[in-house]
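> Below, each chain spelled out in residue letters.
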Amino acid sequence: MTRVLERPKPFVIPELCKGCGRCVSSCVKGCISPGNGINAETGLIPIVVDLTDCNGCALCFDACPEPYALQPLPDGDIAGASGTAPGLFPENAVLPAPQPRPDVTVPLPEREPLIVKGTYAAALGAILAGCRHVFGYPITPSTEGAELMAKVLPELDGIFVQAVSEVATVNMMYGAGGAGKRCMTFTSSPGFSLMLEGISYMVGAEVPAVFVDVMRGGPGLGNIAPEQADVKLACRGLGHGNTHALVLAPATPQEMLDLTMLAFDLAFKYRNPVVILGDGFLGQITGKVRLPRHMVEPGVPDWAVVGDRTHRRNLICSINLDEADLEIHNMHLVGKYRRMAAEEQRADLHRCDDADTLLVACNTPSQLAKGAVKELRDRGVKVGLFRPITLWPFPIDALLTVLDRVRRVIVVEASDGQIEDELRLALSHAGVHAPPPISHVRRMGGILPSQAEIVEHVSKLDGVLR
Amino acid sequence: MTSTVFYRRFERHAHGEGINAHTTTYCPGCGHGLVQKYLADAIDELGVQDRTVLISPVGCAVFMYYYFDVGNSQAAHGRAPAVAVGHKTANPESIVISYQGDGDLASIGLAEIVSTAQLGIPITVIFVNNAIYGMTGGQMAPTTLIGQTTTTTPGGRSTLAGHPLKMAELIAGLDGPVFVERVALYDNRRRTHAKRSINKALEQQVTGKGFAFVEVLSECPVHLGLDPEDAESWVRDTMSRTFPLGVKKDVTADGAGFPPIPMPRFDSDEALRTVGATSEHPPRFATGFPSHVDPEDISIKLAGSGGDGAQTAALLITRAAINEGYDSTHIPSYGPESRGGTSFADVHVALEEVLSPEAPHPHVLVAFNTPSLARFGPTVRPGGTVLYDSSVTGAVPAGLPDDVTLVGVPFASVAQDLGTPLVKSVVALGALQGATTLFPAETFLTAIRAALKDKPAVIGANEQAFATGAALARAQV
Numbered sequence: 001m002t003r004v005l006e007r008p009k010p011f012v013i014p015e016l017c018k019g020c021g022r023c024v025s026s027c028v029k030g031c032i033s034p035g036n037g038i039n040a041e042t043g044l045i046p047i048v049v050d051l052t053d054c055n056g057c058a059l060c061f062d063a064c065p066e067p068y069a070l071q072p073l074p075d076g077d078i079a080g081a082s083g084t085a086p087g088l089f090p091e092n093a094v095l096p097a098p099q100p101r102p103d104v105t106v107p108l109p110e111r112e113p114l115i116v117k118g119t120y121a122a123a124l125g126a127i128l129a130g131c132r133h134v135f136g137y138p139i140t141p142s143t144e145g146a147e148l149m150a151k152v153l154p155e156l157d158g159i160f161v162q163a164v165s166e167v168a169t170v171n172m173m174y175g176a177g178g179a180g181k182r183c184m185t186f187t188s189s190p191g192f193s194l195m196l197e198g199i200s201y202m203v204g205a206e207v208p209a210v211f212v213d214v215m216r217g218g219p220g221l222g223n224i225a226p227e228q229a230d231v232k233l234a235c236r237g238l239g240h241g242n243t244h245a246l247v248l249a250p251a252t253p254q255e256m257l258d259l260t261m262l263a264f265d266l267a268f269k270y271r272n273p274v275v276i277l278g279d280g281f282l283g284q285i286t287g288k289v290r291l292p293r294h295m296v297e298p299g300v301p302d303w304a305v306v307g308d309r310t311h312r313r314n315l316i317c318s319i320n321l322d323e324a325d326l327e328i329h330n331m332h333l334v335g336k337y338r339r340m341a342a343e344e345q346r347a348d349l350h351r352c353d354d355a356d357t358l359l360v361a362c363n364t365p366s367q368l369a370k371g372a373v374k375e376l377r378d379r380g381v382k383v384g385l386f387r388p389i390t391l392w393p394f395p396i397d398a399l400l401t402v403l404d405r406v407r408r409v410i411v412v413e414a415s416d417g418q419i420e421d422e423l424r425l426a427l428s429h430a431g432v433h434a435p436p437p438i439s440h441v442r443r444m445g446g447i448l449p450s451q452a453e454i455v456e457h458v459s460k461l462d463g464v465l466r
Numbered sequence: 467m468t469s470t471v472f473y474r475r476f477e478r479h480a481h482g483e484g485i486n487a488h489t490t491t492y493c494p495g496c497g498h499g500l501v502q503k504y505l506a507d508a509i510d511e512l513g514v515q516d517r518t519v520l521i522s523p524v525g526c527a528v529f530m531y532y533y534f535d536v537g538n539s540q541a542a543h544g545r546a547p548a549v550a551v552g553h554k555t556a557n558p559e560s561i562v563i564s565y566q567g568d569g570d571l572a573s574i575g576l577a578e579i580v581s582t583a584q585l586g587i588p589i590t591v592i593f594v595n596n597a598i599y600g601m602t603g604g605q606m607a608p609t610t611l612i613g614q615t616t617t618t619t620p621g622g623r624s625t626l627a628g629h630p631l632k633m634a635e636l637i638a639g640l641d642g643p644v645f646v647e648r649v650a651l652y653d654n655r656r657r658t659h660a661k662r663s664i665n666k667a668l669e670q671q672v673t674g675k676g677f678a679f680v681e682v683l684s685e686c687p688v689h690l691g692l693d694p695e696d697a698e699s700w701v702r703d704t705m706s707r708t709f710p711l712g713v714k715k716d717v718t719a720d721g722a723g724f725p726p727i728p729m730p731r732f733d734s735d736e737a738l739r740t741v742g743a744t745s746e747h748p749p750r751f752a753t754g755f756p757s758h759v760d761p762e763d764i765s766i767k768l769a770g771s772g773g774d775g776a777q778t779a780a781l782l783i784t785r786a787a788i789n790e791g792y793d794s795t796h797i798p799s800y801g802p803e804s805r806g807g808t809s810f811a812d813v814h815v816a817l818e819e820v821l822s823p824e825a826p827h828p829h830v831l832v833a834f835n836t837p838s839l840a841r842f843g844p845t846v847r848p849g850g851t852v853l854y855d856s857s858v859t860g861a862v863p864a865g866l867p868d869d870v871t872l873v874g875v876p877f878a879s880v881a882q883d884l885g886t887p888l889v890k891s892v893v894a895l896g897a898l899q900g901a902t903t904l905f906p907a908e909t910f911l912t913a914i915r916a917a918l919k920d921k922p923a924v925i926g927a928n929e930q931a932f933a934t935g936a937a938l939a940r941a942q943v
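The listed protein sequences correspond, in order, to chains A and B.
So the first sequence is numbered by the numbering used here: it starts at 1 and just counts up by one.
So the second sequence is numbered by the numbering used here: it starts at 467 and just counts up by one.
Isolated chain A (complex conformation) (with noise of 0.2 Å):
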């Protein structure tokens, strides 16, 4: 061991100073001057010491941009001593490898459903499903989500924090869920597109958070009716990259409490943001919601950047500026999107059994697809309702069970096409080539196909409209 005296002399390590000579002028007593021979492992020209005259005031020191050019001279021989030479360079310090605290999920007792809206239920199965941690910016009409946490999170010791717009919420839950937090927002489509360019660094740099995005009219600031105009946002835009995220489109309050649940599960199960799409009428829609019989006290990940020595050692980064470490990086998240693809596709198959006429909605389209679906039976249409609870990954392993009886598929949305392009590409990796075909009763603007409209079309197609 060498030993540090009190008052250190430096000695420089050629190879590591650049020659700035900023710890020229630092000395006043002359010791170190400007070299004049090229180092031969830099190309660069390394100052000079001679101790002759020095006092140990140590001002050179904090004069030297670099961390190790300029070392404190050990009190012992280091005559021939280089920046390669032992005890000079010690490895870093051991640390254990952190070691996650796994969650806990705690039964609840039963309970009567609630009466809530659809905002709000998602912000209850948020609290249910341990998060603490939101962040957001108003917008109509999924602010009653923000409004609701504001108030309770309080009560359980929460955070809410109100963020100077919706690119700043998307970075603070980049921090919270950074520090293994469970973490979410609620936003509405033109807050949604102003955080992908964070979301796309959570995929990047593997942070786990939930969004639940209210879909309203679109383009521009539209309108704060329904739409479903989001989906190529959240399946194929996630930002800049190769990203990717899990869609979910719950149809009911109920779905928005339980969706939400399940989303945070997803989204630590993956290390990767999910989407939770609803749409306007979702948002604001009050009806009867259960509550589940468990709650989850969230554990601490192994990778959280926490703040303590357990977790020192670990970083959120989404940079690399190595092509090969980023093309590996990008393979590893791939096989991630490979994995959710083949996992964690859901729908819901609704009088699909017999049915050669087969509606394929989501969100609230989806209840009026269903009360179609209801009317047209009566009229002894055997329509079904392929209900996707997955929009990235399209669920099209159960689409294909139903696929071969189908002689029509109708797909009813609030958007030109953005669910039908999803069925469309699903199919089209699937292999099928020639389906059933495809038509589609469409509205935009903040209007969802009525009822009405649904059963109008299938009568058409049928022949069977008085």
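Treat the hints with care, since some could be wrong.
[Unchecked claim] Dumping the calculated DMTMM-like pairs for lysine to aspartate or glutamate here, alpha-carbon to alpha-carbon at most 25 Å:
1) A:LYS374 x B:GLU824
2) B:LYS921 x B:ASP868
3) A:LYS29 x B:ASP653
4) B:LYS666 x A:GLU147
5) A:LYS151 x B:GLU736
6) B:LYS919 x A:GLU110
7) B:LYS919 x A:GLU147
8) B:LYS666 x B:GLU762
9) A:LYS151 x B:ASP920
10) A:LYS374 x B:ASP793
11) A:LYS29 x B:ASP696
12) A:LYS382 x A:ASP462
13) A:LYS9 x B:ASP920
14) A:LYS151 x B:GLU511
15) B:LYS919 x A:GLU112
16) A:LYS374 x B:GLU762
17) A:LYS382 x B:GLU762
18) A:LYS269 x A:GLU197
19) A:LYS336 x A:ASP354
20) B:LYS919 x A:GLU155
21) A:LYS460 x B:GLU824
22) B:LYS715 x B:ASP733
23) B:LYS921 x A:GLU344
24) A:LYS151 x B:GLU746
25) A:LYS29 x B:GLU695
26) B:LYS666 x B:ASP720
27) A:LYS269 x A:GLU344
FYI, nobody ran anything at the bench for these hints, they're computed from the structure.
Let chain A serve as the given structure and place chain B on it in line with the hints.
Frame of chain A, contents of chain B only:
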């Protein structure tokens, strides 16, 4: 003398191979290296290495996580303060440092730094101002001096490109921060002081005082086109004339510090109480589904002006129906027009499940004013019921289906007579019950009492309003 807060070997820098394991990415003479040494020293001296979370920016300092043996989080361009808020709220015990350059903090990240500073949350911001964009290769920064040549101000910055932004003064003008200082690195005295200032700023977080901000005037010799010594002189003689050094705000001796950031709780009873769960089974009064209105799905529209209480009444119907064991939904019109102007609500009551939540052809319409009656009256389905406020609607507009039951009840004047105009919606609800017998009166009254459980004084007036509305309607059907 190198703090052990730096990694002994920079394993994240080019896989820790060769001299990269012990050198930084900074150009010769760059001020970043000095600032980071002082920061490492401060972390060391305050004994907070294990608790520190360092937010690296975008810019030349993007790779700080190569060097600092602390928890690291790398942020998007400009967003480091927002990321810092996330980390600090996630773990109030952590020591969160946001380190940013001038483009990152003073250009693209202005909203984040200003709002975070005003939030006053105890984090530490180190702002390195070298008057130029380094990483992208010498473009104009928000802090570039008037007359200074950059690649995007080739003729020197004119005021057409804006004025240099004095961040320390701007931040010091806010209420949130407790300590704001601008320091420099151009000689021993300034360096020693910069070191102390960074230490003091970090100390404000360790002691829970609050948000601290240190702006460091720094040298970028390469993009200034100067050798390091001349760059120091330029900062001393030129740059610091625009950006005067000194403490801009120091209230560290005052006040109790930032309020403690709570640590969340996960008690299940508490969580259930918070979400409003109850094990109390609501009493039921109905003997069955109101199939005289519709066998399985009844739709009701309530329409009026904002403030009429259409939404309140609608919600009470939904609550009443669910308490009776049926499915029900309420969907409001919402947004700007719900804060005045028209306000309408669609309600469904279904035997099993509400499918279409809208009510384009309601069984029952409750119209609080004449325009609402004129607009929605014609949509009521044959055999339906139309209730309207006869104290504001004189002549019933034309266009109503012939076979609807038309019931006029003076909602507003009944409420007026009771001395509480606000109960107008409850008069209407009573009228709806009286006219349709959707559910027994007690079903609605129970829902009303539950909604008013925190305002027991007004329950009597509401009960009276309901009873009067119901009686007046019943007399007409």
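> Kindly indicate which numbered hints from before are broken by the structure, ordering the numbers from low to high.
Of the numbered hints given earlier, those the structure breaks are 2, 4, 8, 13, 14, 19, 22 and 23, listed in rising order.
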